[in-house]
Amino acid sequence: MESTLTITSQSELAEAVLRESGQNVNLCYQCRKCAAGCPISYAMDYKPAQLIHAIRLGMDDLVLNSKTMWLCASCETCTTRCPQDVDVAKVMDAVKIVALRRGIKPTVPQVASFYKAALANIKKCGRMYELGMIIGLKLRTFDFFKDMELGAKMFKKGKMKIIPSLTGARRTWKIFSRVKSIEEGKRNA
Amino acid sequence: MTAKYAYYPGCSLHSTGSEYDVSFRAVCEKLDIDIEEIKGWVCCGTSPAHCTSRLLSLALPFENLCKAEKMGMTNVVAPCAACFARLRTAIYEAAEDSEIASQISEVLESPLPESMNVLSPIEIFCNHENIADAVKRQLPDLKVVCYYGCLLTRPSKVMQFDECEYPMAMDNLLRSVGISTLDWSYKTECCGGALALSRTDVVRKLTHDIFEEAKAVGANAIAVGCPLCHANLGTRQGEVEKEYGTRYGLPILYFTQLMGLALGVPLKKLGLQKHFVSADALLSGVSKE
Numbered sequence: 000m001e002s003t004l005t006i007t008s009q010s011e012l013a014e015a016v017l018r019e020s021g022q023n024v025n026l027c028y029q030c031r032k033c034a035a036g037c038p039i040s041y042a043m044d045y046k047p048a049q050l051i052h053a054i055r056l057g058m059d060d061l062v063l064n065s066k067t068m069w070l071c072a073s074c075e076t077c078t079t080r081c082p083q084d085v086d087v088a089k090v091m092d093a094v095k096i097v098a099l100r101r102g103i104k105p106t107v108p109q110v111a112s113f114y115k116a117a118l119a120n121i122k123k124c125g126r127m128y129e130l131g132m133i134i135g136l137k138l139r140t141f142d143f144f145k146d147m148e149l150g151a152k153m154f155k156k157g158k159m160k161i162i163p164s165l166t167g168a169r170r171t172w173k174i175f176s177r178v179k180s181i182e183e184g185k186r187n188a
Numbered sequence: 000m001t002a003k004y005a006y007y008p009g010c011s012l013h014s015t016g017s018e019y020d021v022s023f024r025a026v027c028e029k030l031d032i033d034i035e036e037i038k039g040w041v042c043c044g045t046s047p048a049h050c051t052s053r054l055l056s057l058a059l060p061f062e063n064l065c066k067a068e069k070m071g072m073t074n075v076v077a078p079c080a081a082c083f084a085r086l087r088t089a090i091y092e093a094a095e096d097s098e099i100a101s102q103i104s105e106v107l108e109s110p111l112p113e114s115m116n117v118l119s120p121i122e123i124f125c126n127h128e129n130i131a132d133a134v135k136r137q138l139p140d141l142k143v144v145c146y147y148g149c150l151l152t153r154p155s156k157v158m159q160f161d162e163c164e165y166p167m168a169m170d171n172l173l174r175s176v177g178i179s180t181l182d183w184s185y186k187t188e189c190c191g192g193a194l195a196l197s198r199t200d201v202v203r204k205l206t207h208d209i210f211e212e213a214k215a216v217g218a219n220a221i222a223v224g225c226p227l228c229h230a231n232l233g234t235r236q237g238e239v240e241k242e243y244g245t246r247y248g249l250p251i252l253y254f255t256q257l258m259g260l261a262l263g264v265p266l267k268k269l270g271l272q273k274h275f276v277s278a279d280a281l282l283s284g285v286s287k288e
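Going down the list, the sequences are from chains A and B.
Here numbering that gives the first Met the number 0 is used: the first sequence runs in plain steps of one and ends on residue 188.
Here numbering that gives the first Met the number 0 is used: the second sequence runs in plain steps of one and ends on residue 288.
The hints are simulated quantities; they were obtained by calculation from the structure and are not laboratory data.
Warning: the hint list may mix true and false statements.
Said to hold, decoys possible - In silico lysine-lysine, DSSO-like type, Cα no more than 30 Å apart, as pairs:
hint: 1; chain 1: A; residue 1: K160; chain 2: B; residue 2: K214
hint: 2; chain 1: A; residue 1: K185; chain 2: A; residue 2: K137
hint: 3; chain 1: A; residue 1: K160; chain 2: A; residue 2: K137
hint: 4; chain 1: B; residue 1: K142; chain 2: A; residue 2: K32
hint: 5; chain 1: A; residue 1: K156; chain 2: B; residue 2: K38
hint: 6; chain 1: B; residue 1: K38; chain 2: A; residue 2: K115
hint: 7; chain 1: B; residue 1: K38; chain 2: A; residue 2: K122
hint: 8; chain 1: A; residue 1: K115; chain 2: A; residue 2: K145
hint: 9; chain 1: A; residue 1: K152; chain 2: B; residue 2: K214
hint: 10; chain 1: B; residue 1: K214; chain 2: B; residue 2: K204
hint: 11; chain 1: A; residue 1: K160; chain 2: B; residue 2: K38
hint: 12; chain 1: B; residue 1: K142; chain 2: A; residue 2: K160
hint: 13; chain 1: A; residue 1: K156; chain 2: B; residue 2: K142
hint: 14; chain 1: B; residue 1: K142; chain 2: B; residue 2: K267
hint: 15; chain 1: B; residue 1: K267; chain 2: A; residue 2: K152
hint: 16; chain 1: B; residue 1: K273; chain 2: A; residue 2: K145
hint: 17; chain 1: A; residue 1: K156; chain 2: A; residue 2: K145
hint: 18; chain 1: A; residue 1: K173; chain 2: B; residue 2: K267
hint: 19; chain 1: A; residue 1: K66; chain 2: B; residue 2: K267
hint: 20; chain 1: A; residue 1: K104; chain 2: B; residue 2: K204
hint: 21; chain 1: A; residue 1: K123; chain 2: B; residue 2: K38
hint: 22; chain 1: A; residue 1: K137; chain 2: A; residue 2: K115
hint: 23; chain 1: A; residue 1: K137; chain 2: B; residue 2: K69
hint: 24; chain 1: A; residue 1: K46; chain 2: B; residue 2: K69
hint: 25; chain 1: A; residue 1: K66; chain 2: B; residue 2: K204
hint: 26; chain 1: A; residue 1: K156; chain 2: B; residue 2: K273
hint: 27; chain 1: A; residue 1: K145; chain 2: B; residue 2: K204
hint: 28; chain 1: A; residue 1: K155; chain 2: B; residue 2: K273
hint: 29; chain 1: A; residue 1: K46; chain 2: A; residue 2: K145
hint: 30; chain 1: B; residue 1: K268; chain 2: A; residue 2: K156
hint: 31; chain 1: A; residue 1: K173; chain 2: A; residue 2: K156
hint: 32; chain 1: B; residue 1: K241; chain 2: A; residue 2: K179
Since the model is a prediction, treat every value here as computed from it, not as a measurement.
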């Protein structure tokens with residue numbers, strides 16, 4: 000008699016990562032080249048290969064509360080060296096997206112604040128207006144004195160604009176809103 | 000007549016990396032390479048976009064490619080390594096995944112341009128014929144290490160730029176205009192990139208390792224092709240020296256500034272005065288001209 004039993008080996012988290020990034024973490028055979036090559040693994044709580052393994056096991060709490068993906072600098076060394084062609088940097092992006100969507104507080108809050116400040120700035124200005132972005136970041140992190148000396152020196156050297164250009168701002172505003180509504184529509188479908 | 004290349008400067012080249020913009024333009028002028036800035040270009044989204052929304056991170060680059068196409072151009076030059084990577088990634092991913100391509104087109108309310116080609120200025124200059132004939136200045140004192148950083152070469156299947164672990168394109172280009180470049184093993188190590196504002200400690204550690212290696216092989220300047228690498232290595236070099244109790248004094252120069260020097264562009268037209276680590280002593284032979 001033929002068996003009708005279906006075995007589901009894919010954790011829900013691995014499924015979510017696949018949906019977000021198109022990456023199948025089950026291809027990983029733990030060679031740890033990603034961990035060996037990662038320039039920031041020294042500061043991470045779990046090495047990239049460990050995080051991938053935890054995704055496969057469906058350890059949502061461990062993965063989504065890890066510092067690893069927030070510290071990833073997107074240098075793509077892991078992606079380039081993976082013998083199984085897993086785009087590890089994209090997996091890191093996907094884990095961040097899933098964590099934010101589930102309302103989990105980022106374990107490296109400064110990084111998430113930087114993303115938010117930068118995106119708000121691009122949406123409103125069309126092009127990155129660095130001074131505005133830095134003020135936005137400081138309002139989010141309450142770290143008002145960080146890099147003050149450096150910023151002053153950059154001004155003196157004429158490396159920072161005082162007035163934003165606002166070219167393309169209407170277009171970016173529209174692109175951001177349309178992306179949001181398409182993504183929400185897709186999730187509700 | 001339309002220009003040969005649509006020029007996408009990106010946000011940094013209009014602000015923190017403005018010396019990359021002026022020196023790139025100066026070199027193009029010297030070599031008779033015709034460029035025209037994309038009208039109304041917007042930010043490519045950079046890391047904050049791809050870390051939070053895949054669709055947004057692909058739609059923003061395509062917005063700029065659509066604008067270039069409207070100007071009747073198919074070749075886009077993007078000097079900033081991060082913009083270059085985002086533009087090439089958008090083309091690659093739209094070609095691989097028709098579902099995401101149709102979503103991008105839905106966001107932009109426009110069909111996606113099909114035959115766009117995104118280039119780094121390194122690729123354009125490397126293919127330029129008889130570049131050695133244009134050399135006007137000898138720079139025998141320079142011993143440069145070329146720092147490619149992450150995004151020019153990685154991920155290799157997307158970027159298709161040189162050899163990803165040990166690239167030579169920038170070295171060969173500078174050597175072709177008579178500048179000595181040295182072999183070293185930190186060409187494509189990460190400088191910490193966008194962590195500069197959020198986890199500066201990480202950036203200081205990574206750039207420290209890069210400076211140590213550059214000094215160990217005997218370099219007296221580092222050549223870069225990315226405004227973020229430039230900011231991390233240049234503007235924070237003093238902080239690194241203070242933290243590790245050492246002194247590097249390594250000027251960080253865009254490869255276009257070095258080319259400009261060799262091709263005889265006047266010093267003040269290369270934005271050299273904007274650097275935090277002064278190149279005055281290194282270029283004292285040139286400035287006496």
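Okay, the hints, checked on the actual structure:
A threshold of 30 Å between alpha carbons decides the hint, and for A:K160 with B:K214 the separation of about 33 Å lies outside it, so the pair is violated. Simply put, A:K185 and A:K137 have alpha-carbon atoms about 34 Å apart, too far for the 30 Å limit, and the pair is violated. Only pairs whose Cα atoms come within 30 Å are accepted, and A:K160 paired with A:K137 is accepted, the gap being roughly 18 Å. Pair hint B:K142 plus A:K32 does not hold up; C-alpha atoms about 33 Å apart against a cutoff of 30 Å.
For the proposed pair A:K156 and B:K38, the alpha carbon gap of about 27 Å is at most 30 Å, so the pair holds. For the proposed pair B:K38 and A:K115, the alpha carbon gap of about 27 Å is at most 30 Å, so the pair holds. Taking the CA atoms of B:K38 and A:K122, the gap is about 18 Å. The hint holds against a cut of 30 Å. Distance hint between A:K115 and A:K145 is fulfilled; the C-alpha atoms sit about 18 Å from each other, no more than 30 Å.
About 26 Å separates the Cα atoms of A:K152 and B:K214, which keeps this hinted pair within 30 Å; it holds. Restraint check for B:K214 and B:K204: the C-alpha separation of about 16 Å stays at or below 30 Å, so the hint holds. The suggested pairing of A:K160 with B:K38 holds, with an alpha-carbon distance near 20 Å, which does not exceed 30 Å. Taken as a hint, the B:K142 and A:K160 pair is broken in the structure, with Cα atoms around 33 Å apart against an allowance of 30 Å.
Of the pairs offered as hints, the one joining A:K156 and B:K142 holds, with about 26 Å between alpha carbons and a cut-off of 30 Å not exceeded. A threshold of 30 Å between alpha carbons decides the hint, and for B:K142 with B:K267 the separation of about 22 Å falls inside it, so the pair holds. With a CA separation close to 20 Å, the supplied pair B:K267 and A:K152 stays within the 30 Å bound. For a cut-off of 30 Å, the pair hint linking B:K273 to A:K145 stands: about 22 Å separates their Cα positions.
A hinted pair counts as satisfied when its Cα atoms are at most 30 Å apart, and A:K156 with A:K145 qualifies at roughly 19 Å. With a C-alpha separation of about 41 Å, the suggested pair A:K173 and B:K267 falls outside the 30 Å cut-off, and the hint is violated. At most 30 Å may separate the alpha-carbon atoms for a hinted pair to count; A:K66 and B:K267 exceed this at roughly 45 Å. The straight-line distance between the Cα atoms of A:K104 and B:K204 is roughly 27 Å, inside the 30 Å bound, and the hint therefore holds.
Restraint check for A:K123 and B:K38: satisfied, since their Cα atoms lie roughly 18 Å apart, inside the 30 Å limit. Note on A:K137 and A:K115: the hinted pairing holds, with a Cα-Cα distance of about 12 Å set against a maximum of 30 Å. Restraint check for A:K137 and B:K69: not satisfied, since their Cα atoms lie roughly 39 Å apart, outside the 30 Å limit. At most 30 Å may separate the alpha-carbon atoms for a hinted pair to count; A:K46 and B:K69 exceed this at roughly 45 Å.
Annotation: proposed proximity of A:K66 to B:K204 holds, straight-line Cα distance about 18 Å (limit 30 Å). Our distance criterion of 30 Å between C-alpha atoms is met by A:K156 and B:K273, whose separation comes to about 5 Å. About 18 Å separates the Cα atoms of A:K145 and B:K204, which keeps this hinted pair within 30 Å; it holds. Proposed proximity of A:K155 and B:K273 is supported: the alpha carbons are some 9 Å apart, at most 30 Å.
Taken as a hint, the A:K46 and A:K145 pair is honoured in the structure, with Cα atoms around 29 Å apart against an allowance of 30 Å. For the given pair, B:K268 sits about 15 Å from A:K156 by alpha-carbon distance, which is consistent with the 30 Å threshold. Proximity of A:K173 to A:K156 is assessed by CA-CA distance (about 35 Å); at most 30 Å being required, the pair is judged violated. Proximity of B:K241 to A:K179 is assessed by CA-CA distance (about 45 Å); at most 30 Å being required, the pair is judged violated.
In this structure, the earlier hints numbered 1, 2, 4, 12, 18, 19, 23, 24, 31 and 32 are contradicted, and the remaining ones agree with it.
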